[in-house]
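2 protein chains.
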Amino acid sequence: MILVYDIEEKRVAKMLKLCRRYLNWIQNSVFEGEMTNVKLKTLIQEALQIMDEEKDSLIIFKSRDEKWLDKQVVGKEKNDLGNLL
Amino acid sequence: MILVYDIEEKRVAKMLKLCRRYLNWIQNSVFEGEMTNVKLKTLIQEALQIMDEEKDSLIIFKSRDEKWLDKQVVGKEKNDLGNLL
Numbered sequence: 000m001i002l003v004y005d006i007e008e009k010r011v012a013k014m015l016k017l018c019r020r021y022l023n024w025i026q027n028s029v030f031e032g033e034m035t036n037v038k039l040k041t042l043i044q045e046a047l048q049i050m051d052e053e054k055d056s057l058i059i060f061k062s063r064d065e066k067w068l069d070k071q072v073v074g075k076e077k078n079d080l081g082n083l084l
Numbered sequence: 000m001i002l003v004y005d006i007e008e009k010r011v012a013k014m015l016k017l018c019r020r021y022l023n024w025i026q027n028s029v030f031e032g033e034m035t036n037v038k039l040k041t042l043i044q045e046a047l048q049i050m051d052e053e054k055d056s057l058i059i060f061k062s063r064d065e066k067w068l069d070k071q072v073v074g075k076e077k078n079d080l081g082n083l084l
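Chains A and B, in that order, are what the protein sequence lines are. Using numbering that gives the first Met the number 0, the first residue of the first sequence is number 0, and each one after it goes up by one. Using numbering that gives the first Met the number 0, the first residue of the second sequence is number 0, and each one after it goes up by one.
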């Protein structure tokens with residue numbers, strides 16, 4: 000799963016904290032990891048409480064099988080700052 | 000293909016312009032679309048000329064088959080501003 004958010008500055012810290020509870024932080028506003036649909040629903044519900052739905056957005060890409068998704072990083076790779084899952 | 004960049008402000012406009020030549024812009028720094036490996040190599044080469052590799056990054060997720068990748072958008076969806084491909 001890849002999660003990307005586009006959130007106004009003032010709400011970004013809360014969203015970052017929430018997403019890091021569920022996923023690995025790989026870039027500024029990009030996270031990856033695996034989670035069940037139940038956990039994902041919980042994450043989305045929590046995210047909606049932070050978001051202004053008129054202005055912010057959250058995009059989730061789900062691959063049915065990890066082996067079907069290749070990742071290529073160009074430039075600086077963010078250190079893995081720990082996945083709390 | 001999903002492309003996400005994390006670029007310093009002063010270089011962001013150039014990168015946005017480059018990526019929009021190849022892909023659909025779906026969120027702040029997120030693009031999606033399909034492209035051949037040859038085109039992708041060209042895109043990466045052009046991107047590297049814009050990027051400061053010590054500071055900026057570009058992540059590309061490739062799914063071998065589009066049907067294996069589901070997309071879910073929560074909140075505001077960016078209008079499709081046109082794909083120049």
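These are computed hints drawn from the structure, not numbers from a lab. Quantities reported herein were computed from a predicted structural model and do not represent experimental measurements. Fair warning: there could be bad hints in the mix.
In this list, chains with the same sequence are indistinguishable; a pair is considered to hold if it fits within one copy or across any two.
Straight line, CA to CA, 25 angstroms or less: simulated DSS-like cross-link-like pairs of lysine-lysine [stated by the list, open to error]:
#1 K9 - K61
#2 K38 - K66
#3 K9 - K66
#4 K75 - K54
#5 K38 - K70
#6 K54 - K66
#7 K40 - K75
For each hint, the structure was consulted:
1. K9 - K61: neither (28 angstroms within a copy, 32 angstroms between copies)
2. K38 - K66: both (21 angstroms within a copy, 23 angstroms between copies)
3. K9 - K66: Neither, since 36 angstroms and 36 angstroms both go past 25 angstroms.
4. K75 - K54: between (29 angstroms within a copy, 6 angstroms between copies)
5. K38 - K70: Close inside one copy (23 angstroms) and across copies (17 angstroms); limit 25 angstroms.
6. K54 - K66: neither (34 angstroms within a copy, 29 angstroms between copies)
7. K40 - K75: between (32 angstroms within a copy, 18 angstroms between copies)
Hint compliance for this structure: hints 1, 3 and 6 are broken, all remaining hints hold.
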